[in-house]
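Please put together the full structure from these sequences, using the hints given.
This is what each chain is made of:
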Amino acid sequence: MLCDQCKKREAVVHIAKIENGRRTELHLCAECARKQGSLPDYSNFNIIDNDFFRKMAYPDYSGQAEEEPRCNSCGMTYSEFNRLGKFGCPDCYEAFREEITPLVRRIHGHTKHVGKVPNRGTGVFRTANQIKRLRQRLKKLVQDERYEEAARVRDEIRMLERQLPPRQNGKEE
Amino acid sequence: MLQDILKTPLIPWQDGSGDLTDVVLDSRIRLSRNLKKYVFPDKATDAELAAVLAEGERYMPSLNTLGGGTYESIHLYDLTSWEREVLAERHLVSASHIQKPQNRGLLLRQDGAVSIMINEDDHFCIQTGAAGLQLDKAWEDATQVDDALEAKLNFAFRDDFGYLTASPSLTGTGLIAGVILHLPGLVLMKRLNRIVQGITKLGFTMCGMYTERNEYIGNVFQVTNQITLGVSEEDIIGQLKKLATQIVQEERNCRNLLWTHNQNAMKDRFFRNYGVLSHAWMLDFYETIDFLSDFRMGIDFGIIQERPQAYHALLTAAGPAYLQWQAGKELNDEEQDLQRAKVIRQLLQDYAI
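So the sequence lines, in the order shown, correspond to chains A and B. Quick note: the first sequence uses the UniProt record's numbering, first residue 1, plus one each step. Quick note: the second sequence uses the UniProt record's numbering, first residue 1, plus one each step.
If you're looking for bench data, these hints aren't it; they were derived computationally from the structure. Source: prediction; values computed, not measured. Cβ coordinates follow ideal geometry from the N, Cα and C atoms, glycine included. A hint or two may mislead.
Which bits of chain A does chain B cover? Going by a derived footprint, with three or more residues having C-beta under 8 Å, they are [unchecked claim]:
#: 1; region: 78 to 90
#: 2; region: 101 to 107
#: 3; region: 110 to 118
Now the in silico label distances, taken between C-beta atoms and shown as ranges [said to hold, decoys possible]:
#: 4; chain 1: B; residue 1: Ser96; chain 2: A; residue 2: Glu149; range: 42 to 52 Å
#: 5; chain 1: A; residue 1: Glu145; chain 2: B; residue 2: Gln249; range: 34 to 44 Å
#: 6; chain 1: A; residue 1: Lys112; chain 2: B; residue 2: Lys242; range: 32 to 42 Å
#: 7; chain 1: B; residue 1: Arg345; chain 2: A; residue 2: Glu94; range: 53 to 63 Å
#: 8; chain 1: A; residue 1: Gln136; chain 2: B; residue 2: Gly203; range: 15 to 25 Å
#: 9; chain 1: A; residue 1: Gly109; chain 2: B; residue 2: Gly69; range: 46 to 56 Å
#: 10; chain 1: B; residue 1: Gln246; chain 2: A; residue 2: Asp144; range: 26 to 36 Å
#: 11; chain 1: A; residue 1: Glu161; chain 2: B; residue 2: Cys207; range: 40 to 50 Å
#: 12; chain 1: B; residue 1: Ser73; chain 2: A; residue 2: Lys112; range: 35 to 45 Å
#: 13; chain 1: B; residue 1: Arg345; chain 2: A; residue 2: Gln136; range: 44 to 54 Å
#: 14; chain 1: B; residue 1: Asn214; chain 2: A; residue 2: Glu98; range: 47 to 57 Å
#: 15; chain 1: A; residue 1: Gly109; chain 2: B; residue 2: Ser96; range: 23 to 33 Å
#: 16; chain 1: B; residue 1: Thr260; chain 2: A; residue 2: Val142; range: 48 to 58 Å
Have a look at this one:
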């Protein structure tokens, strides 16, 4: 069969389209198909390159090395993290925060820590956590119509909130 | 102290206490913590690793005051390769921890119930164990050690991602809680798959402790949580406790069914395998692990007159690293099988009622 367009070369690309319920067929030679954009240009395309598996696992990976986020503390790049599955240092969490949030959500189904917090330092984490717990209890007490206890918990929360620096008042987003 | 723990086939905390001991062999907690100012072990230089190790050792004395027992600091590099292998075989360190022993450390409590790996995947991994279903006790030990270390060391923590770990799969609480279960009934009745599916839906995972050619042997399984972020420690442990209790119930049902329908066949099986264990001249490792499952079930049914702890002791004694460390030399397969049979015959006498 000859190419529908140039009518010279043998047709090797066969395109069947169904549009509005009508089927049309087009038979093209490789050259005409490439011109028309129906055949990708394979000349510098290597399907199993080094990024093949990474692209499979992370389809949105763009591979732009120069614009890649990098951790300033340990020098790890995001693609290096992708390859190893491990961070280089605690600061990587801040450096790659945007990139890893969806990943973390996929692993854990959550992106916000609840539970034990360190005791030391300013106590900000601990107090914020305590407030969060008290708020949950308050909500439950109100639901159960135990208003007297609820009022006590509310006062406790107010007292704790006063201990926190103004910007970290433990409010949930 | 380390030598005592290496030598005894039963670590002191494996004392048969705890709940649901007919199915739950033991409870374990792993808590991962990292220091703020240091890169994670995989990326660290020797000097950085040595610094982290020194930080851990510096504060070991404060662990001794917790009342659980005294600690010993062990540099893995100073041990012989057999000693390291035995530590890994007995789950006091992980297999990956002994791969590169340089600047890797272990803080070991004298009863073996607490072992803190230094410079494994994370700077510190606090591991605790307790017999039977005693997750609360294991957690109590772990969190106490965590508090004591945290009072001196600055752990990497963020409000959103919790305790920061080298792998994003542990961040949050950094807690992996596990129970080790002996489930011959569910395996024989082919009901394990259904259980595994249920567990997975709840964010937990089950894996076999002993595998040979992609098959689980010995009917010993570990159930652990997979989710560490967005769930509190109490919830993780509470859920696992509930899950373990349900599995125990299913396992008991299966065992009862097997017993009511095949009493003679079961008895025959227990006695035959017991006979092999106690009289064989050579015992292969995997074969031993398999026989031990029947040995334990026979004890649980009251057919075999042995102590349940003898099962734990034999599991340890059958291990290739343990045997070779004890012999003080490398043993080929035949020598190992001979040695294993000999040690098991001896232990059965030692633990005889």
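How the hints compare with the structure:
1. Restraint check on the region 78 to 90 of chain A versus chain B: 7 residues with Cβ-Cβ distances below 8 Å, three needed, restraint holds.
2. Here's how the region 101 to 107 of chain A fares: 3 of its residues keep a CB closer than 8 Å to some CB of chain B, so the rule of at least three is met and the hint holds.
3. Look at the region 110 to 118 of chain A against chain B: 9 of its residues bring a Cβ nearer than 8 Å to a Cβ of that chain, three or more, so the hint holds.
4. Remark: the range hint 42 to 52 Å for B/Ser96 to A/Glu149 is upheld by a beta-carbon distance near 50 Å.
5. The hinted window of 34 to 44 Å between A/Glu145 and B/Gln249 holds, with their beta carbons roughly 37 Å apart.
6. Our hint of 32 to 42 Å for A/Lys112 and B/Lys242 is violated, since their Cβ atoms are close to 24 Å apart.
7. In this structure the supplied range 53 to 63 Å holds for B/Arg345 paired with A/Glu94, their Cβ-Cβ distance being about 59 Å.
8. Range check, A/Gln136 to B/Gly203: about 21 Å between beta-carbon atoms, so the 15 to 25 Å window is met.
9. The given range of 46 to 56 Å is broken by A/Gly109 and B/Gly69, whose C-beta atoms sit roughly 38 Å from each other.
10. In this structure the hint that B/Gln246 and A/Asp144 lie 26 to 36 Å apart at CB holds, the actual value being about 29 Å.
11. Judged by the Cβ atoms, the range 40 to 50 Å given for A/Glu161 and B/Cys207 holds: they are separated by roughly 45 Å.
12. B/Ser73 and A/Lys112 have their C-beta atoms about 37 Å apart, which keeps the hinted 35 to 45 Å range intact.
13. For the pair B/Arg345 and A/Gln136, the beta carbons lie near 59 Å from each other, so the given range of 44 to 54 Å is not met.
14. Under the hint 47 to 57 Å, the C-beta atoms of B/Asn214 and A/Glu98, about 40 Å apart, miss the expected range.
15. Hint check: A/Gly109 to B/Ser96, Cβ distance near 27 Å, so the stated range 23 to 33 Å holds.
16. The given range of 48 to 58 Å is respected by B/Thr260 and A/Val142, whose C-beta atoms sit roughly 53 Å from each other.
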